[in-house]
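Asker: Residue numbers (my numbering), protein chains in the order written: chain A, 1 to 165; chain B, 166 to 542.
Keep in mind that the hints were calculated from the coordinates and are not lab data. Treat the hints with caution; some may be incorrect.
[Claimed, not checked] Computed list of lysine-lysine pairs in DSS-like fashion (alpha-carbon distance at most 25 Å, straight line): (1) B/K356 to A/K9; (2) B/K356 to A/K16; (3) A/K62 to B/K495; (4) A/K33 to A/K90; (5) B/K408 to A/K21; (6) B/K493 to B/K469; (7) B/K465 to B/K407; (8) B/K453 to B/K408; (9) B/K408 to A/K9; (10) B/K495 to B/K522; (11) B/K469 to B/K453; (12) B/K225 to A/K104; (13) B/K408 to B/K493; (14) A/K16 to B/K359; (15) A/K62 to B/K465; (16) B/K502 to B/K225; (17) B/K495 to B/K465; (18) A/K93 to A/K62; (19) A/K133 to A/K84; (20) A/K21 to B/K356; (21) A/K21 to A/K31; (22) B/K469 to B/K522; (23) A/K146 to A/K104; (24) A/K104 to A/K133; (25) A/K31 to A/K16; (26) A/K62 to A/K94; (27) A/K84 to A/K146.
[As the list claims (entries may be wrong)] Here are some chain A residues the structure puts well away from chain B; computed CB gaps all over 10 Å: (28) T3; (29) S13; (30) T24; (31) P28; (32) F34; (33) T45; (34) A72; (35) E74; (36) N86; (37) H91; (38) K93; (39) D101; (40) D113.
Note that CB positions come from ideal geometry on N, CA and C, so glycine has one too.
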Amino acid sequence: MGTASGIIKALNSGIKHLAVKRFTLRYPEQKLKFVGDGYQYDPTTGVGIAGYKGRHILFHDKCTGCQLCAIACEGVAEAIAMVKVNENWKHNKKAIMPQIDYGKCVFCGLCVDACPFYALYMTNDYELSSFTKEGLIYTPSQLQVKPHVQQDAEIQIDDRGASHG
Amino acid sequence: MTTQLPPGLQLEKVDERIMTLNVGPQHPGSGHMRLIVQVDGDYIVACDPDPGYVHRGEEKMCEYRNYITNIPHLERPVIHDSCNILYPYCLAVEEILGLEVPERAKYVRVIASELNRCVYTMYWLAIYGIFLGHSTMFMWPMGDRELLIDLLEKITGARVTHAYFVPGGVRNDLPANFEDVCLRQVNYFEKRIKEYADIFYDNPILISRTENTGILSRQDAIRLGTTGSVLRASGVDFDIRKKEPYDVYENLDFQTNVLQSGDSYARSKIPWLDMFESCRIIRDALRKMPKSGSVRVKLKPNPKGGDVEVYRRVESGRGALGMHVISKSKPEPYRVKISVGSFRNLICIPYLLRGEKLGNMPAVYWSLNYWPVEADR
């Protein structure tokens with residue numbers, strides 16, 4: 001193959017892409033859709049359930065304050081601290097629950113794997129930025145809130161290429 | 166009176182012809198490492214690679230954490246290939262703890278690790294393109310890489326740093342309807358990387374820059390102990406997936422790509438050809454995978470092994486990746502030695518660059534499929 005025809009072929013290949021759909025995700029307007037409601041774990045079978053590993057959600061009616069999540073995090077990020085809560089639960093006499101510092105968390109989800117009481121899961125919420133370091137520390141009452149996310153962009157493939165819808 | 170300067174600060178004897186040039190350690194030129202190049206005019210007379218700027222002490226950190234909490238930090242050296250760097254660790258720890266991995270988990274692992282190999286290769290290809298001044302080749306792989314990152318995100322729940330492999334299987338099963346989505350996106354991905362031939366690999370400008378530069382002969386490749394794409398580009402048919410098959414690679418249908426010329430062009434082409442094989446492996450694994458079953462062995466908290474040492478190695482995106490784990494009947498490993506392909510390929514830089522033009526340095530250096538952070542561990 002001659003040099004000239006090779007260069008023309010290369011240019012042609014690039015020019016063809018003028019007609020191909022744009023693949024960029026236009027982030028703040030569009031958000032990627034994830035599988036399920038976030039990473040969860042079933043302690044009876046010992047296997048997780050596929051989902052995005054985002055901010056945690058804590059179920060106060062299930063947490064017993066056993067500290068297993070904090071122990072699991074010790075060797076990883078030391079992001080979890082057990083703090084006192086002003087709540088009276090029969091199953092949580094010490095009234096302590098995890099508080100997560102997202103300045104340290106690496107979103108590995110090993111704390112979810114450690115919880116034997118279905119009390120700690122992860123959610124699809126990943127927009128956690130804050131102007132202060134203290135703002136990244138989520139108290140048990142903040143972790144209780146179910147996130148409001150609107151994520152619906154999916155990769156679609158057709159004759160004109162792939163796009164985010 | 167002359168003052169005695171401490172060692173390391175003494176003035177170097179300056180030769181009028183030879184000039185010493187530092188490439189790096191700033192990130193844009195060379196990654197997190199330095200190449201001390203000595204040039205005579207435009208020609209390189211000697212080159213001394215100087216790694217170690219991003220040493221993180223991964224091996225020492227392993228000695229203070231148990232077998233499970235080692236997982237998130239062990240994948241940090243190469244976050245784009247995190248499944249493959251955890252693979253030998255999991256194989257070794259399974260041997261120590263005596264775990265039998267379920268059949269379905271083996272297939273899921275192969276799929277995840279092949280997807281991850283492609284993600285890494287696309288990232289490397291993008292960097293190789295931009296360092297040769299081909300900015301389209303930066304944009305295309307970075308965009309098409311998204312198809313596979315999306316698949317990995319569906320499986321593992323994270324775009325990079327998946328923390329997905331554990332001793333005894335994988336963390337979670339594949340999501341529902343994953344096979345259809347995976348087949349559709351992998352097929353489209355394969356169609357896309359075929360288009361790279363016209364614009365990049367058959368492009369006469371690229372060929373003129375990379376062909377016959379930095380030739381590594383077959384004997385040198387073996388003598389210097391290189392691995393992965395560097396070894397296969399020099400005509401040695403060695404792929405651990407074929408030669409020492411781990412998990413289910415022996416059941417899967419694929420071939421290894423070998424090129425004979427040993428120059429930068431061959432070294433840059435091998436990872437691209439390997440991506441077609443990865444697509445083949447993924448399709449084959451999806452077909453042969455058991456449709457149901459467990460994917461993880463339930464472990465006790467803080468599992469302990471006996472007094473054993475195990476060495477396991479796998480084929481990563483950059484070559485052989487081995488882990489030597491020593492257990493002394495404690496929940497923590499006594500020693501973990503990580504042997505990575507990047508560091509082993511680094512040794513051939515002085516041989517490849519001697520006598521080359523300075524302008525050819527990026528073409529040769531980046532063709533080694535080198536990842537500085539992994540080399541420093």
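Asker: Each hint: holds or not?
Answerer: Hints, verified against the model:
Restraint check for B/K356 and A/K9: satisfied, since their Cα atoms lie roughly 17 Å apart, inside the 25 Å limit. Using a Cα cut-off of 25 Å, the hinted pair B/K356 and A/K16 holds, with the two alpha carbons roughly 14 Å apart. For the hint pairing A/K62 with B/K495, the CA-to-CA distance comes to about 33 Å; that exceeds 25 Å, so the pair is violated. Proximity of A/K33 to A/K90 is assessed by CA-CA distance (about 38 Å); at most 25 Å being required, the pair is judged violated.
Between B/K408 and A/K21 the alpha-carbon distance is near 42 Å, which puts this suggested pair outside the 25 Å criterion. Note on B/K493 and B/K469: the hinted pairing holds, with a Cα-Cα distance of about 9 Å set against a maximum of 25 Å. Only pairs whose Cα atoms come within 25 Å are accepted, and B/K465 paired with B/K407 is rejected, the gap being roughly 34 Å. Note on B/K453 and B/K408: the hinted pairing holds, with a Cα-Cα distance of about 21 Å set against a maximum of 25 Å.
This hinted pair does not check out: B/K408 and A/K9 have alpha carbons roughly 39 Å apart, beyond 25 Å. Distance check on the hinted pair: B/K495 and B/K522 sit about 54 Å apart at the alpha-carbon level, beyond 25 Å; violated. For a cut-off of 25 Å, the pair hint linking B/K469 to B/K453 is broken: about 34 Å separates their Cα positions. The suggested pairing of B/K225 with A/K104 holds, with an alpha-carbon distance near 21 Å, which does not exceed 25 Å.
Taking the CA atoms of B/K408 and B/K493, the gap is about 30 Å. The hint is violated against a cut of 25 Å. As the CA atoms of A/K16 and B/K359 are separated by approximately 14 Å, the hinted pair is consistent with the 25 Å bound. For the suggested pair A/K62 and B/K465, the alpha carbons sit about 22 Å apart, so the restraint of at most 25 Å is met. Straight-line distance between C-alpha atoms of B/K502 and B/K225 comes to about 9 Å, which keeps the hinted pair within the 25 Å bound.
Distance check on the hinted pair: B/K495 and B/K465 sit about 14 Å apart at the alpha-carbon level, within 25 Å; holds. At most 25 Å may separate the alpha-carbon atoms for a hinted pair to count; A/K93 and A/K62 meet this at roughly 12 Å. Taken as a hint, the A/K133 and A/K84 pair is honoured in the structure, with Cα atoms around 21 Å apart against an allowance of 25 Å. Taking the CA atoms of A/K21 and B/K356, the gap is near 15 Å; set against the 25 Å cutoff, the hint holds.
Taking the CA atoms of A/K21 and A/K31, the gap is near 18 Å; set against the 25 Å cutoff, the hint holds. Restraint check for B/K469 and B/K522: not satisfied, since their Cα atoms lie roughly 55 Å apart, outside the 25 Å limit. A distance of roughly 22 Å separates the Cα atoms of A/K146 and A/K104; the hinted pair therefore holds under the 25 Å criterion. Our distance criterion of 25 Å between C-alpha atoms is met by A/K104 and A/K133, whose separation comes to about 10 Å.
Proximity of A/K31 to A/K16 is assessed by CA-CA distance (about 28 Å); at most 25 Å being required, the pair is judged violated. For the hint linking A/K62 to A/K94, the alpha-carbon distance of about 14 Å falls within 25 Å, and the restraint holds. About 21 Å separates the Cα atoms of A/K84 and A/K146, which keeps this hinted pair within 25 Å; it holds. With 10 Å as the threshold on Cβ separation, the claim that A/T3 sits away from chain B is violated: the shortest Cβ distance comes to roughly 4 Å.
The Cβ of A/S13 does not lie farther than 10 Å from every Cβ of chain B; its closest approach is about 4 Å, which violates its non-interface assignment. The Cβ of A/T24 does not lie farther than 10 Å from every Cβ of chain B; its closest approach is about 8 Å, which violates its non-interface assignment. Residue-level check passed: A/P28 sits 17 Å from the nearest beta carbon of chain B, beyond 10 Å. A cut-off of 10 Å between C-beta atoms contradicts the statement that A/F34 is not in contact with chain B; the least separation is 7 Å.
With a cut of 10 Å on Cβ distances, A/T45 falls inside the contact zone with chain B, its closest approach being about 7 Å. For A/A72, the non-interface assignment is contradicted: its Cβ lies about 7 Å from the closest Cβ of chain B, within the 10 Å cut-off. Taking the minimum C-beta to C-beta distance to chain B, about 8 Å, the non-interface status of A/E74 is violated against the 10 Å cut. Listed as outside the interface, A/N86 is consistent with that label: its C-beta sits roughly 31 Å from the nearest C-beta of chain B, beyond the 10 Å cut-off.
Separation of A/H91 from chain B is adequate, the least Cβ-Cβ distance of about 21 Å exceeding the 10 Å criterion. Chain B leaves A/K93 outside its interface by the beta-carbon criterion, the shortest separation being 23 Å against a cut-off of 10 Å. A/D101, annotated as away from the interface, keeps every beta carbon of chain B farther than 10 Å; the closest lies near 16 Å. The claim that A/D113 is not at the interface with chain B is violated, since a C-beta of that chain comes within 10 Å of its own (minimum 7 Å).
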